[in-house]
Structures are given as structure tokens and as C-alpha cells.
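Number of protein chains: 2
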Amino acid sequence: MSEAPVNPGGNFVKTVPEGDNRQRQVCADCGFIHYENPKIVVGSVVHFEGRVLMCRRAINPRKGFWTLPAGYLELHEMAADGAIREAWEEARARIEIDTLLAVYTIPRLSQVQLIYRAHLRDKAISPGPESLDVAMFTPDEIPWQEIAFPSVRWALGHYRDSQARSAFTPYSNPEGENGDF
Amino acid sequence: MSEAPVNPGGNFVKTVPEGDNRQRQVCADCGFIHYENPKIVVGSVVHFEGRVLMCRRAINPRKGFWTLPAGYLELHEMAADGAIREAWEEARARIEIDTLLAVYTIPRLSQVQLIYRAHLRDKAISPGPESLDVAMFTPDEIPWQEIAFPSVRWALGHYRDSQARSAFTPYSNPEGENGDF
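Sequence order for the protein chains is A and B.
The first sequence begins at 93 in our numbering and counts up one residue at a time.
The second sequence begins at 93 in our numbering and counts up one residue at a time.
Each hint should be verified, as a subset may be incorrect.
As the list claims (entries may be wrong) - A short list of chain A residues far from chain B (calculated; beta carbon distances all over 12 Å): (1) ASP121; (2) GLU128; (3) LYS131; (4) LEU193; (5) ILE234.
As the list claims (entries may be wrong) - The calculated lysine to aspartate or glutamate pairs, modelled on DMTMM-like cross-linking and capped at a C-alpha distance of 25 Å, are: (6) LYS155(A) x ASP112(B); (7) LYS131(A) x GLU233(B); (8) LYS106(B) x ASP121(A); (9) LYS131(A) x ASP214(A); (10) LYS155(A) x GLU110(B); (11) LYS106(B) x ASP190(A); (12) LYS155(B) x GLU233(B); (13) LYS155(B) x ASP121(A); (14) LYS131(A) x GLU269(B); (15) LYS106(A) x GLU233(B); (16) LYS106(B) x GLU169(A).
What the hints assert, rightly or not - Covered by chain B, according to a simulated footprint, are these stretches of chain A (three or more residues, beta-carbon under 8 Å): (17) 160 to 169; (18) 194 to 204; (19) 255 to 263.
Everything labelled a hint here was simulated from the structure, so no lab data went into it.
Cβ coordinates follow ideal geometry from the N, Cα and C atoms, glycine included.
Here chain A stands alone, though its shape is the one from the complex:
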């Protein structure tokens, strides 16, 4: 899962614009009101022959740690298409979506994560520019000590729990967990 680049430019101050009821970031130079909204992350637990696809991050945060193929939904993109695109960009994996596995909210980051259960269309995978390495792990091989983010751990657990089911309510944050380390 990737982070947006830091925004350069803008001379922002926090103030309540006229007619609004919340503080917003307003540029003191040009007057632009930057409405900040939660962001949507789309990703997938991709399985094939009893293994799941993981990517070792080539970028910060958590460079060198293992994650699932996931990233920000783009403008005008269907959510499932975004998950398919991220699997290609990060692992050169061609995937097919099975079902929606989980909807997580990370309030600290203002992220809603839509995580799908998917499978490989063919065996070929290789690292994209944001990955140092990609691998298909059996449950015993998953590097649990080197997982990049709490929600990756949740998704892998929820995937395992879901394997016997065809229709289910998507999982959400484990009780009391908000994604902080």
C-alpha cells in the first residue's frame, strides 16, 4: 500500500471558510480552500494453488516489509478495477476478483480500505517498481514478523477464516483495533 507524495506549494492556514462549520486548509496566497477527504485504498488477497501473493515494499513507509498489492483508487475508476490495477503495478500479476473480503477503516490515516479476495489468472508474477520482491507463500511461509501494516495481518487472517465460505458479510476492523502499530 503506497502513500501519496507530499504536496509541494500552497501556503495553507487552518480557518473556517464563510458559510462552513468546520476548519479547512485555506491558502493564504491564492485563497484556494483545500477540502480534505478520506481516501480509498483498494487491494486484494490473491490466492493460487494454496498460496497467497505478497510484495516486499521498495518504498517507505515500511520499506523492506511485506504487504498485499494495494493502493489508492484513482479518479473515475471502479473499485474492483483499482484492485486489479494495483496487483499488476506492484506484482505484475493478472488477477480475477472473487468477492469483497473486507472493509477496514484506518481513522488515523482517514483511509477506507476495500480488500478483495482474488485469484491469479496465470502463474507469472514479478516485482513492479514499488516492490523489491514478490512471492507466493503457503500459510506456513508467510513472514509474520515482517508484515508492513496491521491491516495486512487482518486481511490475511480474514482470508484464512473466509476460505470455507462462498457468501459472507465482509470482515471489518478486529474489535478495538484502529490500525495503529
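Put chain B on the given structure of chain A with help from the hints.
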């Protein structure tokens, strides 16, 4: 479902920032790069004693038409909490979430909608500032000719379809539909 106010200020031109691979809105005055992201709408089909809650819109777009309580997720807010907040703001309704009913994508608007199935905690409802009127409708009373948005129609149909089920995969856009009128 409400719209964000139009952003005043900013003298934006579309250009590809250094190190990026997509066109972004960049302010010619202050250099701020305005990354645009899809937005998350949270809402609910709220039932009670065989009826569902609807709100008649007091604001454009689609003023005077009937909708479900829904709106943009705020920063740092859990998705289900946002749906609870919107039911209060638009219908002064105190609700409890049952389950996630549907995840819709409206690519034209770059919206992902998380629609919950919920129920009233008590009977009291009244219009909030964005509603002209609120009502609890039986299936026969729903004003099908005066529905504000296609996704409201989808959600009502999916709610009806879901009533007999306790655990199910959330519904998504009906086949071939993208939310355009």
C-alpha cells in the same frame, strides 16, 4: 446525499508534476498540487416496523426528490459512524447498523458509496437542515417516480432482496449500470 461546496480560489492548470505520471491540478499562483481522489459516501437503508426512512432533499442537486440519509465521510471517521451521523443530520434519526448492504461505485462522480442496512433505535424522526421532509414508507408507499439518484433505487431494491438474509456478500452496481441518469 450532498455535494461539496464549489472550491473558490486557486488558479489551477492541468499539468504533469515532476516525478509523476498523471496530469494533476497545479495552482499557477502558489504551486500547490491538488491531488484529486475519489470520495467516500456513507449512508443507510434504515428500517423500522416494515417501513424504510427516506428524506426529501432541501438542496440541489435534485432538490425536492427523495433520497436515503447519506453524505461524505469526514476525516478520521469510521465508515459506520459516518452513516450514523448522516442519519442524525438529515433525519434526526438515531440508528443502529445491522450490516453492510452494498458497495457502489459511481465512476462519473468518482464516488464509492458504502450503504449499510440499519434500524431505528426509536421512532422519532424530523427533517434536518438539508431535508424538506422525512418519512417512513412501506414498500407500496415509496415514491418511485421521485427518487433523487439511481443508487437510491439500487439500495432500496437490494435492501428488499436482502431482507431474508443475515449474512451475504454486499451488493454492488447492477450489471452494466454506472449511476448515470
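Against the structure, the hints:
1. ASP121: Given that some Cβ of chain B is not farther than 12 Å from that of ASP121(A), nearest at about 4 Å, it is violated.
2. GLU128: violated, 6 Å
3. LYS131: Given a closest Cβ separation of 5 Å, the condition is violated.
4. LEU193: Violated: least Cβ distance 10 Å, not greater than 12 Å.
5. ILE234: Since the minimum Cβ distance to chain B is about 25 Å, ILE234(A) lies beyond 12 Å and the statement holds.
6. LYS155(A) x ASP112(B): It holds: about 20 Å lies between the C-alpha atoms, which stays within 25 Å.
7. LYS131(A) x GLU233(B): Given pair LYS131(A), GLU233(B) is violated - Cα atoms ~37 Å apart, limit 25 Å.
8. LYS106(B) x ASP121(A): Between LYS106(B) and ASP121(A) the Cα gap is close to 19 Å, so the pair holds against 25 Å.
9. LYS131(A) x ASP214(A): violated, 31 Å
10. LYS155(A) x GLU110(B): holds, 23 Å
11. LYS106(B) x ASP190(A): violated, 37 Å
12. LYS155(B) x GLU233(B): Holds. LYS155(B) to GLU233(B) sits at ~20 Å (cutoff 25 Å).
13. LYS155(B) x ASP121(A): violated, 35 Å
14. LYS131(A) x GLU269(B): Judged against 25 Å, a Cα distance of about 24 Å means the pair holds.
15. LYS106(A) x GLU233(B): violated, 46 Å
16. LYS106(B) x GLU169(A): holds, 19 Å
17. 160 to 169: holds (count 6)
18. 194 to 204: Held - the segment 194 to 204 of chain A has 6 residues with a Cβ nearer than 8 Å to chain B, which meets the minimum of three.
19. 255 to 263: With 4 residues in contact (Cβ-Cβ under 8 Å with chain B), the coverage given for the segment 255 to 263 of chain A holds.
Of the numbered hints given earlier, the model fails hints 1, 2, 3, 4, 7, 9, 11, 13, 15; all others are met.
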